[in-house]
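Peer 1: Heads up: the sequence shown begins at 1 in our numbering, then just goes up one per residue.
Read the hints as simulated data drawn from the structure, not as lab findings.
Mixed in with the good hints, there may be bad ones.
[Unchecked claim] In silico PhoX-like cross-links for lysine-lysine, where the CA-CA straight-line distance does not exceed 20 angstroms:
1) Lys139 - Lys109
2) Lys103 - Lys139
3) Lys109 - Lys133
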Amino acid sequence: MFNAVFVEGDALGEAMFMGRGAGGLPTASAVCGDIIDVARNMVHGSTGRINCTCFDEKHLCRLEDMLSPFYIRLHVVDRPGVLAAIAAAFAAQNVGLKKVIQKQMVGDKLAELVVITYHVSELDMQMAVQTLKGLPVIKEVCSVIHVEDDNVE
Numbered sequence: 001m002f003n004a005v006f007v008e009g010d011a012l013g014e015a016m017f018m019g020r021g022a023g024g025l026p027t028a029s030a031v032c033g034d035i036i037d038v039a040r041n042m043v044h045g046s047t048g049r050i051n052c053t054c055f056d057e058k059h060l061c062r063l064e065d066m067l068s069p070f071y072i073r074l075h076v077v078d079r080p081g082v083l084a085a086i087a088a089a090f091a092a093q094n095v096g097l098k099k100v101i102q103k104q105m106v107g108d109k110l111a112e113l114v115v116i117t118y119h120v121s122e123l124d125m126q127m128a129v130q131t132l133k134g135l136p137v138i139k140e141v142c143s144v145i146h147v148e149d150d151n152v153e
């Protein structure tokens with residue numbers, strides 16, 4: 001049994017390729033697959049394997065426009081009124097506090113403060129951190145991290 005493919009091209013003109021086949025259905029399937037590969041390569045201007053074409057182009061949002069909760073860890077002076085000053089600094093930048101945890105540090109009369117915020121923009125958070133760094137009761141802003149899952153406890 002022989003199989004053949006007839007093609008017509010601008011430079012080539014008419015051409016027929018033929019050869020021994022492996023039998024009706026297996027050969028027909030292989031020939032059809034080859035024709036589909038050639039057509040796909042022509043559409044994509046490629047030869048051989050092409051990457052997946054099923055993805056749509058996505059546009060990245062600007063970091064300033066992204067809202068997320070944040071985790072902030074601070075070293076602060078351990079005395080009355082400090083928490084109020086910190087809360088006021090966050091509030092001035094429209095940053096709401098979801099959770100605040102205070103831990104006593106050994107020596108130096110310092111405390112570690114961990115704050116988890118509600119959803120807030122990156123820009124508002126950066127401005128709040130700058131305000132915090134200017135407070136005399138803040139010894140160090142240790143960490144400022146985006147929180148992926150806001151179900152943090």
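Peer 1: Looking back at the numbered hints, which does the structure fail to meet, lowest number first?
Peer 2: none
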